[in-house]
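Please model the entire structure based on the sequences and the hints provided.
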Amino acid sequence: MSLDETGKSTTDRERRIDIDGVSKIYGIDTANPVRALEDINIDIYENEFVSVIGPSGCGKTTLLKCLGDIIQPTNGEIRIDNGSAADARQRNQVSFFFQEDVLLPWRTVMENVLLPLEIQGADTSDSAVRQQAKDTIETVGLSGFKDNSPQQLSGGMRQRVALARGFVYDPKIFLMDEPFAALDELTRRKMNRELLRIHQEIQKTTVFVTHHIAEAVWLSDRVIVLSPLPGEVHDMVEIDLPRPRNEDTRGLQEFVEYEESLTETVMALDDE
Amino acid sequence: MATDTTDMATTPTLGRKIAGVIDDYKYPVGFLLFFLGVWTLGVRAYSVPTYVLPAPAEIVLSFEGELGNLWGHTTVTLYEAFLGWVLGNVVGISLGAVMAEFQTLKRSIYPYMVVLRSLPVIAFAPLLIIWMGINQGPIIAAATITTFFPSLVNSIAGFSSTDELARELMHSLNASRWEVFRKVKLYNAFPYIFSALRISVALTFVGAVVGEWLAGNQGLGYLILVANNQLATLLLFRALLVIGIFSTAWFGLLVLVESYLIDWENQSGGGATR
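The listed protein sequences derive, respectively, from chains A and B. With the working numbering, letter number 7 in the first sequence gets 7, and the count goes up by one each step, no holes. With the working numbering, letter number 134 in the second sequence gets 134, and the count goes up by one each step, no holes.
A portion of the hints provided could be inaccurate.
[Stated by the list, open to error] Taking lysine-lysine and the DSS-like style, the derived pairs with C-alpha atoms no more than 27 Å apart in a straight line are:
(1) Lys-172(A) to Lys-106(B)
(2) Lys-134(A) to Lys-183(B)
(3) Lys-146(A) to Lys-134(A)
(4) Lys-146(A) to Lys-204(A)
(5) Lys-183(B) to Lys-106(B)
(6) Lys-146(A) to Lys-183(B)
(7) Lys-172(A) to Lys-134(A)
(8) Lys-204(A) to Lys-172(A)
(9) Lys-172(A) to Lys-190(A)
[Stated by the list, open to error] One side only, chain A facing chain B, incomplete, derived with CB under 7 Å:
(10) Ile-71
(11) Arg-89
(12) Gln-93
(13) Phe-96
(14) Phe-98
(15) Glu-100
(16) Trp-106
(17) Met-110
(18) Ala-122
(19) Ile-239
(20) Pro-242
Keep in mind the hints are simulated off the structure, nothing from the lab. Don't be surprised by glycine CBs; every beta carbon is placed ideally from N, CA and C.
Okay, here's the thing in structure tokens:
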């Protein structure tokens, strides 16, 4: 794999996602087209945790939805494992996590987690398939709730179910669109801790959209800062903090420095 | 969870439950008694003849010896109303699902459905007789037509009610169109479908009764017409009362079935989807 301009730590790893000159213009045939993304070039490597931050309206979610083949870029190309984003989605290699939990209320926790397997054609009465779902539910710490309906769970628990649903079919790439944004501060911190633990355990290539800078630094190998309208890559910062990380990481001098410098960058962008 | 303890203290005991039921019903029942009282006193005070307006007690007492005859007519009307209700809803709900799924079809047909719905479709009943003759056919058809339109409109709304995120989720999981329909849209449509089923109970009776006026020689609608011609007002009230009882029971049964089948509706709002 070729050398990458973003730093030495990525050179020995395999490239998973190649975002090549991607632009997205909304309402291209209207009087006021919105340039949500402009010539985005990012490479993302095997098992890397990349956060995308930036002021509201900078196209973070648009970029992620392009990666997930939920919307199509206007220009440019996205390659995932040398196939298109559509190929990756159709081969169930990616898992998209939404801002809301999007649980189906008529299904129990177990049935919600089984949904992706069901769509992939698995026999959900098969004990091996059910075990796979049970194990995933255990991973997110909800073993005792598998037969509950989502309405009986708290917001944090519901979001854990959504995580389990995204993990269960063992995709290679996680695309996370502020999955904890709707939760209260305390629950969000708990969920971040959970995500860090899970990521360190199962090692997935992850693209994580957030507007929370400390959270991005804490979780990521690399933080990408997008500028708004048009959304362009403004800055790309390697987070050179030791792994495994934990609550103590937040106390490190380097952590605080990363957080402060990124906060200044984003604030400057927001003022423009 | 700490706030739950206050709720625990008010967990209803049987005595409290009964008190709650009494509290729920005391005003409507009170009003009914008041209404019946005014009716009775009014009829007495002004010596209103029975053929104009009988007193409530008279109506109830007049059922004696009439039940067998009444039951025969009731089964006829129930059969017509039920068949019309089933046909109208089956066609309305299916067509609504297809129209919600295929936008071109919806855009082609829907405007005409709106026009048809704003017409008093029951006025087409004489045409049905020309086509089908004087028998139960046009009666059932009339009940079907009155049921069909609200059912269609509700069905389209129901099958279109799935939100964008759920569609995106299913897309990201590589679900086929059929799977999105069967696993998501169908469930989202359930409350709308039940609403259609409930609304159309009263409408199917309208269709059946009006149909019997035009083409019937039996049934409660036919009975009402006969009673009207003979100024047999007690008979008319008996027929109306029977229709009211069955239509209410039918409606109530649907409410029960719905609350049993759809247990996710009233509790949503927990978690992040608020």
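Results for each hint:
Of the pairs offered as hints, the one joining Lys-172(A) and Lys-106(B) is violated, with about 40 Å between alpha carbons and a cut-off of 27 Å exceeded. With a C-alpha separation of about 21 Å, the suggested pair Lys-134(A) and Lys-183(B) falls inside the 27 Å cut-off, and the hint holds. Restraint check for Lys-146(A) and Lys-134(A): the C-alpha separation of about 8 Å stays at or below 27 Å, so the hint holds. For the hint pairing Lys-146(A) with Lys-204(A), the CA-to-CA distance comes to about 25 Å; that is within 27 Å, so the pair holds.
Simply put, Lys-183(B) and Lys-106(B) have alpha-carbon atoms about 22 Å apart, close enough for the 27 Å limit, and the pair holds. Pair hint Lys-146(A) plus Lys-183(B) holds up; C-alpha atoms about 19 Å apart against a cutoff of 27 Å. In summary, the hint linking Lys-172(A) to Lys-134(A) is supported, as the alpha carbons are separated by about 20 Å, within the 27 Å threshold. Proximity of Lys-204(A) to Lys-172(A) is assessed by CA-CA distance (about 6 Å); at most 27 Å being required, the pair is judged to hold.
Under the criterion of a C-alpha separation no larger than 27 Å, the hint pairing Lys-172(A) with Lys-190(A) is consistent with the structure, at around 24 Å. Checking Ile-71(A) against chain B by beta carbon gives a least distance of about 9 Å; that is not within 7 Å, so the hint is violated. Interface hint status for Arg-89(A): upheld, as the beta-carbon distance to the closest one in chain B is roughly 6 Å, under 7 Å. Contact between Gln-93(A) and chain B, as hinted, is not supported at the beta carbon level, the nearest pair being about 10 Å apart and thus beyond 7 Å.
Taken as an interface hint, Phe-96(A) checks out: its beta carbon lies about 4 Å from the nearest beta carbon of chain B, inside 7 Å. Interface restraint check: Phe-98(A) against chain B, minimum CB-CB distance 6 Å, threshold 7 Å, status holds. Contact between Glu-100(A) and chain B, as hinted, is supported at the beta carbon level, the nearest pair being about 5 Å apart and thus within 7 Å. Interface hint status for Trp-106(A): upheld, as the beta-carbon distance to the closest one in chain B is roughly 5 Å, under 7 Å.
Interface restraint check for Met-110(A): the shortest CB-CB distance to chain B comes to about 15 Å, outside 7 Å, so the restraint is violated. Given the 7 Å rule on beta carbons, the hint for Ala-122(A) is violated: about 12 Å separates it from the nearest Cβ of chain B. About 27 Å separates the beta-carbon of Ile-239(A) from the nearest beta-carbon of chain B, more than 7 Å, and the hint is not met. The beta carbon of Pro-242(A) is not positioned within 7 Å of any beta carbon in chain B (closest approach about 33 Å), and the interface hint is therefore violated.
Consistency with the previously given hints fails for numbers 1, 10, 12, 17, 18, 19, 20, ordered from lowest to highest.
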